[in-house]
Amino acid sequence: MKKILRALFIVLFLFTAGYTIFSLYSKNRISATRSADRTSHEPVRNGPARTGRIEAAQGAKTSPDIESVRSRIADPATAPESLDLAEAEKLLEQYKKEVTDVISHAEFASELVATLCRNGHSADAWEFIEKNPGQMRGMQLREFFKNGDVVKNELLARLSGFEDRMDLKRGLEGYLLRIKPSEYADVIASPDIRRLQESLGTSPNDALREALDSFQTDLMGRRYFNPPDESVVRDYSDALKDMDAKGLIEKGDFRALVLSSQFGPFFQWDLLKNHATTVDELPENQRNGLVGRMLIKNPTRAMDVILAMPSAGNAENVDAAIREWIGVDSHAAVKWHTQNRGNYDPAQQDLLASAFSK
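Under this note's numbering, read the sequence shown as residues 740 to 1097, first letter to last.
No lab work stands behind these hints: they were computed from the structure.
All of these numbers come straight from a predicted model, not from anything done at the bench.
Note that beta-carbon positions come from the ideal geometry of N, C-alpha and C, so glycine has one too.
Careful: at least some of the hints might be erroneous.
Stated by the list, open to error - Lysine-lysine pairs mimicking DSSO-like chemistry, simulated, CA-CA at most 27 Å apart:
1. 1097 - 1074
2. 891 - 835
3. 885 - 829
4. 985 - 1012
5. 1012 - 908
6. 870 - 885
7. 829 - 891
8. 870 - 891
Claimed, not checked - Taking CB as the label site, the calculated pair distances span:
9. 1009 - 1067: 19 to 25 Å
10. 1020 - 1067: 23 to 29 Å
11. 945 - 1051: 33 to 39 Å
12. 1003 - 823: 39 to 45 Å
Whenever a hint applies, use it, and build me the whole structure from the sequences.
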């Protein structure tokens, strides 16, 4: 019996000792793993590994300082008047080091060209333009020919001297931005510009459309900083109407230019409603989208301008308006109808009643 108890005691002792050793080993291994994990995520403060990783991370970020500099330069109201060629080159190099996006490089480079021109350094701006073809050069040429303090004949001579098609295209875009849209038709028909457009293989109609589209894009960019004068907006809209009435641009181009403008849905509706390309000719999805944008901006005004159109043939517009409004806020639509239907003539009331019954 004693032998059996002794044997059991030995077995129990060995089992306990083995379990203790295993526990100590496991604990040390977990501790080592955690330490290694901390090392990989939180390296030693002054160690070379940490320094390299932090530098790499900083290099991937945009410096707040260089971005604030770019914001000031992009806005004509805050651009430094002291900017010269040496400073522009330095800033662009710094920007390239701190920002990896090549499109941003091109945008900043073109903003620097515009500022140099406004500061009276047009010769330096020309020298600053990227020599290799690509997006940066194209954007810089556009800004130079738009803002450069260079006489007309010299600008035309430089345009005529371009051998690269894209250089000519971007330069001509900038040149036409010097001109009011109401003058585009005459300028584009002039011998000098017509010859340049022909070398690009661009028809007169296409040249007008492209010039108007370019002006609109440029105007929206400037609008980000300073809203354009009402006279500028009105000149653009009058030019569109005049070219549409004279058939100088295709109906589809006119419609696309109006709907892509950023002047607001009521402005777009006004342009479309009385001209060769009318609201009724819009594809259903475009008309519904335009009506919907007016309703979101001012539903009462939207209904007034839609119902102001001749009742004959206006059913689809009224139907679209009520359908869009009910989809957004049915309670407000019904309340408006109840309170305002008496303000309209019988034909308009019939249109509203029909729209609400559907």
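| message | Hint check: residue 985 vs residue 1012, CA-CA at most 27 Å. Holds or violated? | response | 17 Å, holds
| query | Falls inside 39 to 45 Å, the C-beta gap from residue 1003 to residue 823? | reply | At roughly 40 Å between Cβ atoms, residue 823 and residue 1003 fall inside 39 to 45 Å, so the hint holds.
| message | Hinted pair, alpha-carbon criterion (27 Å max): residue 1097, residue 1074. Please report holds or violated. | response | Between residue 1097 and residue 1074 the Cα gap is close to 17 Å, so the pair holds against 27 Å.
| Straight-line Cα separation of residue 1012 and residue 908 no greater than 27 Å? | Status violated; Cα separation ~34 Å.
| request: Check the following: the C-beta atoms of residue 1009 and residue 1067 are separated by a distance inside 19 to 25 Å. | output: 22 Å, holds
| message | Please verify whether residue 885 and residue 829 have alpha carbons no more than 27 Å apart. | response | 24 Å, holds
| Straight-line Cα separation of residue 870 and residue 885 no greater than 27 Å? | 19 Å, holds
| query | Is it true that the CA of residue 829 sits at most 27 Å from the CA of residue 891? | reply | Roughly 31 Å between the alpha carbons, so the hint for residue 829 and residue 891 is violated.
| said: Assuming the hint says 23 to 29 Å, is it satisfied by the Cβ distance from residue 1020 to residue 1067 or not? | reply: At roughly 25 Å between Cβ atoms, residue 1067 and residue 1020 fall inside 23 to 29 Å, so the hint holds.
| Given hint residue 891 paired with residue 870 - CA-CA distance at most 27 Å | Holds. Residue 870 to residue 891 sits at ~23 Å (cutoff 27 Å).
| said: Checking one constraint from the list: CA of residue 891 to CA of residue 835, max 27 Å. Satisfied? | reply: 34 Å, violated
| Do the beta carbons of residue 945 and residue 1051 sit within 33 to 39 Å of each other? | 37 Å, holds
Checked against the numbered hints above, the structure violates hints 2, 5, 7; every other hint is satisfied.
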